[in-house]
Each structure stands twice: as structure tokens, then as C-alpha cells.
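S.K.: Sequence:
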Amino acid sequence: MIQNKTTQPIVLKKQRLFVSNGWQTNEQGYRQYAKNNILLTDWQKIGHTNYYFDPINKSVVFEK
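So for the sequence shown, our numbering puts the first residue at 3; every next one is plus one.
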């Protein structure tokens, strides 16, 4: 995971939690979003946009 100064991953029960929430970019360059310190999956509404996050790599696949 590429980290900025406010993002620090924590591993707990095989889930990767993040100290900060919001948009992040992983090592492969995929956009991810953390909410309540957990990366989102499936369809999510962020702002006025719907996003689909891949359940395996938790990256944005589709937005509308």
C-alpha cells in the first residue's frame, strides 16, 4: 500500500484497517476508498456518485 503521512495500515483479524479514511491508491495504482477504517467493496455511494469496488482487490471498477 502506498501511504501518505496520514495513512497507516493496521492488520487486524486478516482485515486491513486504515488510520485515515477516504481515497487511497494501492501499490498497483488502483484507487480504493476506506470508510470507518475498512476498504469498501461492492456498490457504494460516495458524494453524488455510485462506485463499484472489486470484492477481491477492493479497487474501483466502475463509477456512474
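Check before you lean on any hint, since a few could be wrong.
To be verified - The calculated label-pair distances, taken between Cβ atoms and stated as ranges, are:
#, residue 1, residue 2, range
1, Asn59, Gly24, 14 to 22 Å
2, Gly24, Trp45, 13 to 21 Å
3, Glu29, His50, 28 to 36 Å
4, Pro57, Trp25, 16 to 24 Å
5, Asp56, Gly24, 13 to 21 Å
6, Asn23, Trp45, 27 to 35 Å
7, Asp44, Gly24, 13 to 21 Å
8, Glu65, Gln30, 16 to 24 Å
9, His50, Asn23, 23 to 31 Å
10, Gly49, Thr27, 27 to 35 Å
Read the hints as simulated data drawn from the structure, not as lab findings.
Quick reminder that beta carbons are idealized off the backbone N, C-alpha and C, glycines included.
S.K.: Does each hint fit the structure? Answer for all of them.
M.R.: The hints, checked one at a time:
{"no.": "1", "hint": "Asn59 to Gly24: 14 to 22 Å", "in the structure": "holds (18 Å)"}
{"no.": "2", "hint": "Gly24 to Trp45: 13 to 21 Å", "in the structure": "holds (18 Å)"}
{"no.": "3", "hint": "Glu29 to His50: 28 to 36 Å", "in the structure": "holds (29 Å)"}
{"no.": "4", "hint": "Pro57 to Trp25: 16 to 24 Å", "in the structure": "holds (18 Å)"}
{"no.": "5", "hint": "Asp56 to Gly24: 13 to 21 Å", "in the structure": "holds (18 Å)"}
{"no.": "6", "hint": "Asn23 to Trp45: 27 to 35 Å", "in the structure": "violated (18 Å)"}
{"no.": "7", "hint": "Asp44 to Gly24: 13 to 21 Å", "in the structure": "holds (18 Å)"}
{"no.": "8", "hint": "Glu65 to Gln30: 16 to 24 Å", "in the structure": "holds (18 Å)"}
{"no.": "9", "hint": "His50 to Asn23: 23 to 31 Å", "in the structure": "violated (18 Å)"}
{"no.": "10", "hint": "Gly49 to Thr27: 27 to 35 Å", "in the structure": "violated (18 Å)"}
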